[in-house]
Structures are given as structure tokens and as C-alpha cells.
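Fit chain B to the supplied structure of chain A, relying on the hints for placement.
2 protein chains.
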Amino acid sequence: MDPEEFRRAGHAVVDWIADYWATLGQRPVTSQDPPGTVAAALPAGPTAHGEPVSALLADLDALVAPRLTHWQHPGFFGYFPANTSGPSVLGDLVSSGLGVQGMLWASAPACTELETVMLDWLAGLLGLPERFRSTGSGGGVIQDSASSATLVATLAALHRASGGRWREVGVDRRYRAYTSTEGHSSIEKAARIAGLGRDGVRVVAVDPGTLAMDPDALRTAIRADLAAGDVPAIVVATIGTTSTTAVDPVPQIGAICAEYGVWLHVDAAYAGAAAVCPELRWSHAGLEHADSYCFDPHKWLLTGFDCDAFWVADSADLVAALTVLPEFLRNAASDSGAVVDYRDWQVPLGRRFRALKLWFVLRWYGVEGLRAHVRSHVALADRFAARVRADDRFVLAAPHPFSLVCFRLAAGDEASAGLLEKVNATGRVFLTHTRVAGRFTLRLAIGSPLTTQAHVDDAWELIASAAG
Amino acid sequence: MDPEEFRRAGHAVVDWIADYWATLGQRPVTSQDPPGTVAAALPAGPTAHGEPVSALLADLDALVAPRLTHWQHPGFFGYFPANTSGPSVLGDLVSSGLGVQGMLWASAPACTELETVMLDWLAGLLGLPERFRSTGSGGGVIQDSASSATLVATLAALHRASGGRWREVGVDRRYRAYTSTEGHSSIEKAARIAGLGRDGVRVVAVDPGTLAMDPDALRTAIRADLAAGDVPAIVVATIGTTSTTAVDPVPQIGAICAEYGVWLHVDAAYAGAAAVCPELRWSHAGLEHADSYCFDPHKWLLTGFDCDAFWVADSADLVAALTVLPEFLRNAASDSGAVVDYRDWQVPLGRRFRALKLWFVLRWYGVEGLRAHVRSHVALADRFAARVRADDRFVLAAPHPFSLVCFRLAAGDEASAGLLEKVNATGRVFLTHTRVAGRFTLRLAIGSPLTTQAHVDDAWELIASAAG
Chain A
0 MDPEEFRRAG HAVVDWIADY WATLGQRPVT SQDPPGTVAA ALPAGPTAHG
50 EPVSALLADL DALVAPRLTH WQHPGFFGYF PANTSGPSVL GDLVSSGLGV
100 QGMLWASAPA CTELETVMLD WLAGLLGLPE RFRSTGSGGG VIQDSASSAT
150 LVATLAALHR ASGGRWREVG VDRRYRAYTS TEGHSSIEKA ARIAGLGRDG
200 VRVVAVDPGT LAMDPDALRT AIRADLAAGD VPAIVVATIG TTSTTAVDPV
250 PQIGAICAEY GVWLHVDAAY AGAAAVCPEL RWSHAGLEHA DSYCFDPHKW
300 LLTGFDCDAF WVADSADLVA ALTVLPEFLR NAASDSGAVV DYRDWQVPLG
350 RRFRALKLWF VLRWYGVEGL RAHVRSHVAL ADRFAARVRA DDRFVLAAPH
400 PFSLVCFRLA AGDEASAGLL EKVNATGRVF LTHTRVAGRF TLRLAIGSPL
450 TTQAHVDDAW ELIASAAG
Chain B
0 MDPEEFRRAG HAVVDWIADY WATLGQRPVT SQDPPGTVAA ALPAGPTAHG
50 EPVSALLADL DALVAPRLTH WQHPGFFGYF PANTSGPSVL GDLVSSGLGV
100 QGMLWASAPA CTELETVMLD WLAGLLGLPE RFRSTGSGGG VIQDSASSAT
150 LVATLAALHR ASGGRWREVG VDRRYRAYTS TEGHSSIEKA ARIAGLGRDG
200 VRVVAVDPGT LAMDPDALRT AIRADLAAGD VPAIVVATIG TTSTTAVDPV
250 PQIGAICAEY GVWLHVDAAY AGAAAVCPEL RWSHAGLEHA DSYCFDPHKW
300 LLTGFDCDAF WVADSADLVA ALTVLPEFLR NAASDSGAVV DYRDWQVPLG
350 RRFRALKLWF VLRWYGVEGL RAHVRSHVAL ADRFAARVRA DDRFVLAAPH
400 PFSLVCFRLA AGDEASAGLL EKVNATGRVF LTHTRVAGRF TLRLAIGSPL
450 TTQAHVDDAW ELIASAAG
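The listed protein sequences derive, respectively, from chains A and B. First residue of the first sequence: 0, per numbering that gives the first Met the number 0; consecutive thereafter. First residue of the second sequence: 0, per numbering that gives the first Met the number 0; consecutive thereafter.
Extracted from the complex, chain A is given alone in its bound form (with noise of 0.2 Å):
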């Protein structure tokens, strides 16, 4: 395809998503069709010469759009968010048509030094502490995903516990990794990737009220695997944890790791993009005692998957945890130390130049456009709230300081997952669920761009009236 035909092929894709993202409150939120719908309509091979992107785009219309759920939709509530932008996309774009890699400085100077700059520009938008920036030995680097980075952590923590032994030796004393009932599921999935299997995760008691992480629990849990004789090697506290967006307590947290000697990680990887409104920085409380944190622009902040940004206080230890350094990759670059090679932060080798999307969302939306898009979600999240709360019928089943509410039927469980699977039939909106203390409860994230105060109160007539 030569740059003629792409341009042509290129306005044609743009706008094929132009008018989607115009006709995307039309369509249902879901697909209703059962598994094996698109598969069977697909032939089973590639021709032997090629087609055009036309008829690629008509399958897209006839085949794949019908059949997702759309994610960028105004009614679209489940999990988080995984929100896009214009600018995101574009920016993205500009990456796929640079094609470079950013393994090493040397492989795409621009590609590593502009993630080096837009991770200080994040860290001074969320206020993060110092000791993250680039300009010290700390700094961010950006991982595919939230649970990327919870596993790189753990493999720094763990050389750092072993007191460097850890990278030639393995994991040869029983290492634990410590989080609380409410923890997400890759920190057991890093713990078990990294070799300490299900039984290396310390599952620590929550407040039954606020259900964060109770301090006194894990002083508990790292004082008895100590007296055990195991090897307490990393805390891992959420900010926004993904059941409720319960806040651990991070300057308790904090003090306890520093006392035994044990790596914090911060998972913020939703209620993260928060802190870039300063009334919600209470959530990041106690951060400057973490070795490590990570939030995901991917969720909340307007830039497409994949995209978490990670930082850490000091990168020797991930560095010494994840080089290998073969004579393929020798560069002079590399051999001065004036450089970053950020392969060395991150489990694969090859990475694409994603700084490119979050330096167009930074700059297209500027800090109080990106300010406005979380606290329109939050005052959001707020007025569907105060309707739970005002039907008797309905139970706020956790705090909701984000744009997450929580909230399940009084009548009990099965009217509960009834109700889920009424609202979600009808392909207006889609919600998912959790369990808190137990009790089936409806999730309803705000986070599409699309989201208006009109599709949150329909979302609330449909639930209300579905409730019957």
C-alpha cells in the first residue's frame, strides 16, 4: 500500500469511525447473539489475492460492530471505565505510522525521552511526590496494564528482599506478598507468575465499614510469617480497589512496611486519574512512602488501552531484576549510563511509542479540561447515588468517592441478580456486579466521554421502574 492509497484508505477509516462514535447511543450496548456468531461467518482462510479495504469496512458494519460490547457507549456502566478520546486515537495512530521501537534509547531517542517527560508531566498532575520524578533515581515508565506493573514490582521487591540473590538463585525461601481481601486479582496472579504461588499471598482483613485495609491486620500477618521464618517481600495497597473503591490506609500502611523493611506498591489503577483535581488528592495520602505506584490513563483519563503509568522511587532494584544484556543490544548509548533503556523496566523486550497518545490527551484537553472530565463523572456518580438513597427499595452498599456506586436491592440477592440481568436485556445500558460483605451488589461505573446527566438519570428510570 503505497502513501497515496493510504491517505485515500485512511480518511475512509477515520471516517468509519467518525460516524460510529455518532451512532454509537443508537445502538444496543451489548451483543445478544451466543457464542460461535462471528466465527461461523467468517471464511476459513485469507483469498489468495488481496481485497480492499472497502470490503473490509463492510465487514466491519456486517460482522464485528453488532457483535461487541461497546465500551465507549453513554450507557456502557460495567466494570471500570476504558475510556478513549479523539486525541488519544490519533495520537496512537501517529504511532502505528512511526512504526519504531522503544526497546532502547538508541532503537527511538524521541520514543523514550518523551515517555521519560510525559510521566513527569502525570506525576506533577496527580501532585505525586518528588521521589518520583525523573530527576532523582526514581521515575515512570509506561507498563500495558495495571497488573504488568503489580508483577515488575514484585520482581523488584523480591530481588530487594533477597538482598540481590533473587536474580541468580530464584525464589529459594518462602517470599510474601500482602494485600487485603479486596485487592485485585493480579496481585495473586503476579504472586503465582513470579513463583510464590497461591500460598505466598497474605489476604489481609478489611474494616468492615469502609472496607479498606486494616493496618493492625497486616502488622499481624507480616509479624507471624516473620516469626514463621518466611520472608515478607511486598505490600501491595489499593487506591480505589475494583470491587467499591475502598482507599487502603497508605500512611499506616506506609509506616508499617518501612518498619519491616517491606516494598510498598500503590495501586491506583482507576481512582488514580482522580488526583488530578486537587479535592481528591486525600486519596493519595501517605504515597510518599511507597516504592512503588501505578494508575492507568486508560481507564479514567481519556487515553486508549493500553496505558498504565508506573513509577518507581528508585529503579535500581527493577533494573538489576530485569536486565539481560546481549551482544545484539549493545549500543554506545546504553554503554555511557547517559540513557534510559526502558526494556529493562517491563517484562517484553519490544514497546510501541505510547507516550505519543498521552502527550496528545495532555495537550488537546490541557489540565482543567481533564479536570472537568472527572469531576463531571463524580457529580455524576453523586446524583445517581442520592436516588438509591432515596428509594427504599435499594441499599448504598459502600461509599462511593469516585464515580463508582455500589447498591443492591433490600429484597436480597436473587431479586438483585434478577434486576442485573433485566436492565442489561435491554440493551440500553451495562452494568456488572461484585459481592460486598457477601451480598450480591449491582456496579454502575461512569467513565465514557459520551456520558451525560440524561443517560444517568435514564439509567436510574430503567433501573427504578426494572426493580418493580
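Honestly, the hints are just simulated from the structure, not real lab data. Quick caveat, the model's predicted, so the values are computed rather than measured. Keep in mind that the hints are not guaranteed to be accurate.
[As the list claims (entries may be wrong)] Covered stretches of chain A (chain B as the covering partner; in silico rule of three or more C-beta atoms under 8 Å from a C-beta of chain B):
1. 28-41
2. 57-63
3. 192-202
4. 256-262
5. 362-373
We put the CB at the ideal spot given by N, CA and C, even for glycine.
For chain B alone, coordinates are given in the frame of chain A:
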């Protein structure tokens, strides 16, 4: 950014990329600016209020493009190629625009089903064994990179080698991984991440002529470990090593793995694409013995990073190794067992709709288009190698079965390193190096779709004249 603003800005960005491609051949392949040039030119943070896309495009021209290593440049012969193409960029643009998350079948049904079908298409295109198709107990999935493929293969292998205990108890024995001295650095990295340590990796000798793994040395290493009470868990064989594209003897290695019950992973990251041509499938002999296999369409099959295609013969160990099911991800489709949830086939939870770019590439080029692409590069490599062979000053350092030619100056390492520096300083070409049997060796890897015979001939003229 509303759909109409996106349409206008999107056309401008497409035009910027088309113009970039049209002028690529006139740019220096690499930047000569020192570290810090880009960072120093950027402001301390985003503006309070947004800026237009035109400002971003202007800064792409002024700041970013001049400080890149241009991987798509016709004179880029470094590392392995990471070639992309118009159809790939457009498929990825659709993925960005849809902004769906394929972590579960239910979270975006078409994302999962198109991926399954595309991996079946690719398996057919490469003539892979039936056991890797989704119709049986195996199947394929897209990973970000071959590094991650090796990691998840290692985890599945550990789970199997432990008799299913690993995911509970972790690394509680001395598990061992095997690869050759020419195996990729990501194999040691995966073993380290998995908690085996560098000591857990057995580096097996190669035949000094072919640089392929010596099966007798592998057998000896496995026997020694068994005698010491260690647990052989995984062998990683390579089709097309990074240093010189050597091909390990997979039939013999597979027989040894079968005899000792060791997981066989075959890494064909670069050379897998060659198997689209029937005349190059000799390189894939013995693959019916493999438990897992991967190659990177993002290296030599016109698909932009990230797109590693990874297959397992039986997905049960992989899923058992990686699955964690929190309440908030439970859904009727997953509970039914009728669908694949790819989150359990990879490290991260979230996932982009990466099958779209494959679909666009496979359909736009067609089978014959892809074969012509690979064949033209193999022919160009043959042509370049013939020039090297015919010149007494040069030595071909290794066989060149695909599109990489390794060569050095007979005058010695210092002369060879000097030659590399000299030709790269011209900005007309970019080559990287390796060491073969300890000797400094230049690598000329052909992969850019823009590279024609004229570019390869120019590269030779430049090299030959710089050799003095």
C-alpha cells in the same frame, strides 16, 4: 472532541503519516543528536487549557521525527525488522476507535472470536500442525511479544512439571529451563521472572558450523539435572536465532523432550513468517513435537507491533497456570464453559482488539501477496550475500537461510567495528552487530516493505567503499 472534529483532525493525521512515508527515504535513518535533546525542548507540563491538533503535528515535525531511528526506512537493516504496513495501521486505527476490551469473551465477543479465527488462519498459512488449531484442545492467542510468549509457556510448563501443585506452592524445587547459547535473552528473563533464577537456565552448546543446538548436549544436560534431583521443566528451541537465524534441530529436540516429559516451546519470533512460503517450511520440521510455538507477525509479516502469535497444543495447563476468577469478572458465558476468555492466556488482564490489524493485513495482501513479500526479502539477502562472498576483504559469518546476512571483515574485530560505525554515521543505512564465535559481526537484516534491490545495492556500495 466530537465526531466531526475527529473527522477533520483524523484526515490531517492520516495525511501527516502519508507524507512521512513518502519522504522517509530522504531522511537520515538515525538521529545524531545527543541524549536529552527532546526532553530539553519540552515544557514542564501541559497548558491549563487545550491546544489544537495542528500544534501537535507541528511539534511532531520539529521535535519528534528528527530524533527517531526510522524503523520503516528503506535503509533500516538493524536488529530484526519491525515492519508495518498501511493495512496494519488502519486495522489498528479501527481497534483504537472501537476502544473495546477483550479480556473476556463477554466483554467484547467479536474481539475474542476474530482473534481465534485469525490464529487459525495464520496456522493454516504457515502449515502448522493440526494440534495448534482451535478445533481441538489447543489454539492460538496474540501476545504482545515473543518474550511474553516464552514467559507464559514457562509458567504452563512449571504447572505441568509440578503435577499441578505449582500454582498453590510456587517454586519449591529446582526447576530447570534449557536453551542454546544462541537462544534469545528473553528466555533467561522469563526464567528469572518465573523465580528460577539465572542458575535455573541451562545453556546448551551449539554445533560450531550451523550454530544450532546440539541435541546430544541437551540430553546430557537433562540427564545431569535429573541425577542431581532437579526438575527439567521446559526446553526452548529456536527457529531463526536472533544473532544469526540459526535453526535448532526441532525433530531431535522434540524426541528428547518426549522421552523425558519436558515441555517444548519453539520460538520462531522472526523466522516464523518464512513458513508462509512452502519452500521455506523445512525450517519448521518437527513442530508436531512442540507444546507451544510462537512467531511475530510484527517482525516480518507486515503487521505493526505488538502482535506475537502464540499457540499451545493443549490450553489446559496454560489456563490452569494463569487463571484467577474474582467475582467482578464472573458472567454467564464464562460459567457455561462455551467460550474462551483470553485473559487466562496472558499476563495482563486487559487486552486490545489486536486481531483487527491481522485481519486487515491478511485480507489486503492475500496469501500470494504475503509470500511475494517474504520471497523478495530472501532474494535480496541472497544477492547481498553473493556480493560479500565475492569480495576477499569480507567473510560471511554464518548461513543466511532467511533475510539476515551476517558478515565481518577478514581484517579483524577492530576493523569490523570501525566499518559499522562508519556506515551508520552516514545516516543512509543502519545496521547492528552481534558476535559469532567471539568475533565482531555485522548484521544486515532486510525487512522494511520500502526496501528494494536498489537500496540493498546502495548498502553494499556504501559498505564496500567504507571498508577501504
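Exercise for the section: Tell me, in ascending order, the numbers of any earlier hints that this structure violates. Expected result: Failing hint: just 4.
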